[in-house]
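> Single-letter residue listing:
There are 2 protein chains.
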Amino acid sequence: MTEELKLMGANRRDQLLLWLKESKSPLTGGELAKKANVSRQVIVQDISLLKAKNVPIIATSQGYVYMDAAAQQHQQAERIIACLHGPERTEEELQLIVDEGVTVKDVKIEHPVYGDLTAAIQVGTRKEVSHFIKKINSTNAAYLSQLTDGVHLHTLTAPDEHRIDQACQALEEAGILIKD
Amino acid sequence: MTEELKLMGANRRDQLLLWLKESKSPLTGGELAKKANVSRQVIVQDISLLKAKNVPIIATSQGYVYMDAAAQQHQQAERIIACLHGPERTEEELQLIVDEGVTVKDVKIEHPVYGDLTAAIQVGTRKEVSHFIKKINSTNAAYLSQLTDGVHLHTLTAPDEHRIDQACQALEEAGILIKD
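Chains Z and S are the protein sequences, given in the same order.
This note's numbering puts the first residue of the first sequence at 11, with every later residue one more than the last.
This note's numbering puts the first residue of the second sequence at 11, with every later residue one more than the last.
Chain Z with its partners taken away, still in its complex shape (with noise of 0.2 Å):
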């Protein structure tokens, strides 16, 4: 650690917070730990106060993202769907619904122990998926719908219901939708 300004505390949350406010994209842990010159752990405890707080910051797969009034208004339309696929269509399906526009919020699974596992990962562009799935591939991390034999919901968000149908349509036409 240089011996440039160490950010202090709540002078450090209440800049992280400042930071996340005005940026037009994620910004990830590392990132701001080297704004604030501290370690990634640090950062880590910092967010999990600013959310103990209700903050509305999560933690999506790009990086943290401070989700204001504004930015979830924008995404009025919100829906829950059940989708069944190995886990080598991944991208197809994440694909098939970011080009109708809609943004794939999260994934849940069930896990057999811990129950309904959700995991943030919003998406809502090809470049971010992309980003996604490199990262899966990178780490190995297993895809989470692995657990459940493919099975597993997410929550699509979109300005309209319009374009939630049409996203619905592509994976149904994809064998992808699992249907009543």
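There's no promise every hint is true.
All copies of an identical chain are treated as equivalent in the list; a pair is satisfied when it fits inside any one copy or across any two copies.
Subject to a maximum C-alpha distance of 30 Å in a straight line, what follows is the list of computed DSS-like cross-link-like pairs (lysine-lysine) [stated by the list, open to error]:
1. K115 with K44
2. K44 with K189
3. K189 with K45
4. K61 with K145
5. K31 with K189
6. K31 with K144
7. K61 with K189
8. K61 with K115
9. K61 with K34
10. K63 with K115
11. K189 with K63
12. K63 with K144
13. K137 with K45
14. K31 with K115
Derived by calculation from the structure, the hints in this document are not laboratory data.
Use these hints to put chain S onto chain Z, whose structure you have.
For chain S alone, kept in the frame of chain Z given last:
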């Protein structure tokens, strides 16, 4: 599969919902599979379809639970807390909380690839805590908090704020609560 009547599609889902609504305690996938005379995987898909219709079923660490309005009403107070401890203190932490009559609704950590990962463990008694810990040990599942060097969030629910205050005080005295 014996030749007993196998419940089919939508009827089966209606029946699953009825069993869950009537049950005073969580029902496991295995129990529902036996009752409906189908495989466990069929039950996972059925529950996913019901969840996709916003039916308030959650998969907890103890099994499926139907969270009707009354059940949720009973738990009016809710608070997110930030905690830090090693995996060996998980049981102690959960006991400190449930001993105050407080329920641990979930555990949330930051997965390096998936972002926020939330597990609906839903433990509220010493019996449920020991069942959860036994399951982790018997399946060698890692504690989620091990992914973030012990830092994690819990959402606590209880009939009133006072019980949550007491639980937080106990956690603080044990050096588990991360404070501002």
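> State for each hint whether it applies.
Hint by hint, here is what the structure shows:
Taking the closest pair of Cα atoms, K115 and K44 come within 30 Å of each other only inside a single copy of the chain (28 Å); across copies the shortest separation is 34 Å, beyond that limit. Taking the shortest alpha-carbon separations for K44 and K189, only the inter-copy value of 23 Å comes in at or below 30 Å, while the best intra-copy value is 47 Å. In this assembly of identical chains, K189 and K45 lie within 30 Å of each other by CA distance solely across copies; the values are 23 Å between and 47 Å within a copy. When the C-alpha separation of K61 and K145 is checked against a cutoff of 30 Å, the pair qualifies both within a copy, at 25 Å, and between copies, at 29 Å.
Taking the closest pair of Cα atoms, K31 and K189 come within 30 Å of each other only across two copies (23 Å); inside a single copy the shortest separation is 39 Å, beyond that limit. Proximity of K31 and K144 under a CA criterion of 30 Å is satisfied intra-copy only: 27 Å inside one chain copy versus 42 Å between copies. Taking the shortest Cα distances, K61 and K189 sit within 30 Å of each other only across copies (12 Å), while inside one copy they are farther apart (36 Å). For a Cα distance limit of 30 Å, the shortest separation of K61 from K115 qualifies both inside one copy, at 18 Å, and across copies, at 16 Å.
For the homomeric pair K61 and K34, the shortest alpha-carbon distance inside one copy (20 Å) is at most 30 Å, but the shortest distance between copies (33 Å) is not. Proximity of K63 and K115 under a CA criterion of 30 Å is satisfied in both settings, with 22 Å inside one chain copy and 17 Å between copies. Only between protomers do K189 and K63 lie at most 30 Å apart by alpha-carbon distance; the minimum there is 11 Å, versus 39 Å within a single protomer. For the identical chains of this complex, K63 and K144 are neighbours neither inside a copy (33 Å) nor across copies (32 Å), given an alpha-carbon limit of 30 Å.
In this homomeric assembly, K137 and K45 come within 30 Å of each other (Cα to Cα) only inside a single copy, at 25 Å, whereas the closest approach across copies is 46 Å. Taking CA atoms no more than 30 Å apart as the test, K31 paired with K115 passes in both settings, with 19 Å inside one copy and 29 Å between copies.
When held up to the earlier numbered hints, the structure conflicts with hint 12 and nothing else.
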